[in-house]
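**Student:** Given next are the chains, with one letter for each unit.
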Amino acid sequence: MRQQLIQALVALLLIAAILLGVEFGVREGYLKAYEFPPASRIAQGFVELTTVGFPTGVTIWTHTFVTVMRILKGYVAAIVIAVPLGLLIGAVPVLDKMTAPLIVFFRSVATLSLLPLAIVWFGAGELTKVILIGYGCFWVMLSNVIAGVKYVDPALIRAARSFRVSGWTLYREVVLPAALPRMFAGARVALGVGFMVIVGAEMIGTIQGLGALIMEARSFYRSEITVIGMLVIGVLGFLISSGLAAFERLLLPWGGGSSEASR
Amino acid sequence: MSRTGPERASSAAGAAPMIDIRHVRKQFDVRGGGEALVLDDINLSIAANQFLSIVGRSGCGKTTLLNIIAGLDAASGGEVLIAGRRVVGPGQGQGMVFQQHALFPWLTALENVVFGARSLPLAKAEKIDRARELLQLVGLEASAGKYPREMSGGMQQRIAIARALALDPDILLMDEPFGALDELTRIEMQQELLRIWEARRKTVVFITHSIGEALTLSDRVILLAPHPGRVARDIAIDLPRPRSRTDRRFNEFYEQIWSGLSS
Amino acid sequence: MRSGSRMGDAMWGLAGILIVLAAWELATRLGAIDPTIFPGPIAAIRSAAQRLPASVFLDNMAWSLFRVVGGFILGAVAGTVIGFAAGWYRGFGYFARPLIELLRPIPPLAWIPLAIIWFGLGEPSKFFIVFLGAFFPIVTSAYHGITHVDPSLIRASRSFGLKGLGMLFHVGIPASAPDLATGLRIGWGLSFGVLVAAELIAADRGLGFMIMNERNSGGSVSVIIVGILLIGLLNLVTDAALAALIQRWIGRWHGA
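Chains as they are written, first to last, in my numbering: chain X, 1 to 263; chain U, 1001 to 1263; chain P, 2001 to 2256.
Nothing false has been slipped in among the hints.
Restraint-style ranges between C-beta atoms, simulated for each label pair:
| no. | chain 1 | residue 1 | chain 2 | residue 2 | range |
| --- | --- | --- | --- | --- | --- |
| 1 | P | 2216 | X | 35 | 26 to 34 Å |
| 2 | U | 1023 | P | 2252 | 39 to 47 Å |
| 3 | X | 5 | U | 1150 | 25 to 33 Å |
| 4 | X | 21 | U | 1150 | 45 to 53 Å |
| 5 | P | 2166 | X | 53 | 54 to 62 Å |
| 6 | P | 2150 | X | 92 | 36 to 44 Å |
| 7 | P | 2252 | U | 1240 | 52 to 60 Å |
| 8 | X | 27 | P | 2252 | 57 to 65 Å |
| 9 | U | 1150 | X | 57 | 53 to 61 Å |
| 10 | P | 2078 | X | 57 | 35 to 43 Å |
| 11 | X | 91 | U | 1146 | 28 to 36 Å |
Below 20 Å or equal to it, Euclidean Cα-Cα: the simulated DMTMM-like pairs (lysine to aspartate or glutamate) are:
| no. | chain 1 | residue 1 | chain 2 | residue 2 |
| --- | --- | --- | --- | --- |
| 12 | X | 150 | P | 2009 |
| 13 | U | 1124 | X | 173 |
| 14 | X | 97 | P | 2009 |
| 15 | U | 1127 | X | 173 |
Calculated Cβ distances over 10 Å to all of chain U for the following chain X residues:
| no. | residue |
| --- | --- |
| 16 | 26 |
| 17 | 29 |
| 18 | 69 |
| 19 | 85 |
| 20 | 87 |
| 21 | 92 |
| 22 | 117 |
| 23 | 119 |
| 24 | 219 |
In case anyone wonders, no lab produced these hints; they're calculated from the structure. Each residue gets a CB set at the ideal place from its N, CA and C atoms; glycine is no exception.
Produce the entire structure from the sequences given, and follow the hints as far as they go.
**Tutor:** Structure, rendered in structure tokens:
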């Protein structure tokens, strides 16, 4: 308790010191405002972003909404496909052996390296962005669902078999719940991947979305807007992953959560 | 090897044994070719309501033998009969308690016991009634709504015993059930198990590392020798219950078993 | 659950790969997909080889590798040192932790505009982005490792008179090596992905640039496809090499 208090105090003082230091440094001419936007400029920029918007007419809320919608579409699509497929592959050893090297390879392909190909196939519009997010989330989710099903504690399976529970009932009532924590961990990691991908995908071929905002702002020498965009992305990522963790506690009340996931 | 089976008053001498193990052999394929013989020609007759312990060093095949009786593993040769019927799988009157409780972490205490009754042709409400009765038997009716991780090790093992009794088995197979408990809890659980055994009249096959535990509980102790696993001694423990560890004959038995294990 | 023979597993895996390749090739031959925008594997490799000499591929690959290795080493060293220091020295932790926690939710790619403002369009900005990709997972795992050393190991070493730096180097760091190893693997994967993205957005060489340039200049889809496969393979091979190194380092006692 006392340690947390000290930690909070130090953190606040540290942040205040950095903000004041930049403010002072810019005012006295040691730092360029363009390279290190001071807090006062950032605050002004934020007001501008909420009212006028940047570029004019596109407020920060629009940017945020557009980005969130793109992530959600790709993310939900990825999970809706990956979960049943992973449950199937994890349950059929031959399928698992056949797909294992493919999945490792597709996961190794950097998602954004698919951007040029996706533009050729789907154009530079919305679909390309959603598909890229979907690709990144899909493989992470798929491998975690498979692992969740495959690495169920064998003792639990023996216990179930000793009560003559087998086949589909065994899968539904033992394997599935035992795999849930791992699946949730995968869903959390996949969301992080979605955030990674969207920022890159939005830097090309659009003026809407937080990734576009920070890139556009730089071209107009408005670095304070870039910083605001970065902060909003950070806060958004933090909020969504906390929301997912809360959802997980609600859904898995037995406390099987926060198991390790593989990326 | 003299068969000095202690016929309990309740089981008439000469009646068919509850468990009849005939020439059971088990070998595993070893990676890179070859086979490992784990059990070699095991023959045992276990009378109804007898409490039998199997003692042996790690790797002597105790757990494998238990799994074969449970119908969870198939023998490479020989057969096991339960009440005259050949064992082909679980659910022929065997109830199993595992080393690390193997309770389903996503089910409450009550739900775990209800799971044990899954394959019974009863209505849900009847299964719940039966589970409540069993929780009462193990003294945990107040913890019906708790998840396994919210319970102590001793409580978890009591739930596991209640779950194993859910199919009302004739035989209770116990694989080092108290091995992970501290000494005090362990002694309590031994008394508890004897009480349940008196109340429900089961045939028990109990695996343990502990000579003292085997002597406190059993009518009969089997020493299993390793490489390959085979019956080295078969000792009838004709001491009255409750047994005292300071009793002279208790200690003579202890010496006898110890010399059998170290020879 | 049962581990079959490794040979058998490899055969099944190979079968899976061949099935996918054959399906891809067949789909283009039968006209199910348009070979002008999605050529089959054989056609793609052949026409990519015709269009660009192997030296161009190798040159771009060398640049990508140089950047990712350089940035990764910077990030790994900084992440390890700061993570261990923040976990071992409480005072330093008070300062380092809030900064790390504050910056961590910001994806590395979101730093690209600032990286360009601070370091220009040249190599330093790429190193910086890769550095960020490696730094956060590694600093987190190093911190987690050093703050979760089994207390009985600490007490045991204290009973033998170890303290201060001696304890850090002889007990703290070895005990947290498995955690650090996990962080290094994640950091490497992230560094790679981040670099490719950075090369797509702002670069004049490297594999990411090569495929993006090919599409912007209306070049060949084959080059893009081969480039993507190359990026995937490079990541796969280097990750396996890193895993083998880690195995040699801690495999004997950690058994991972």
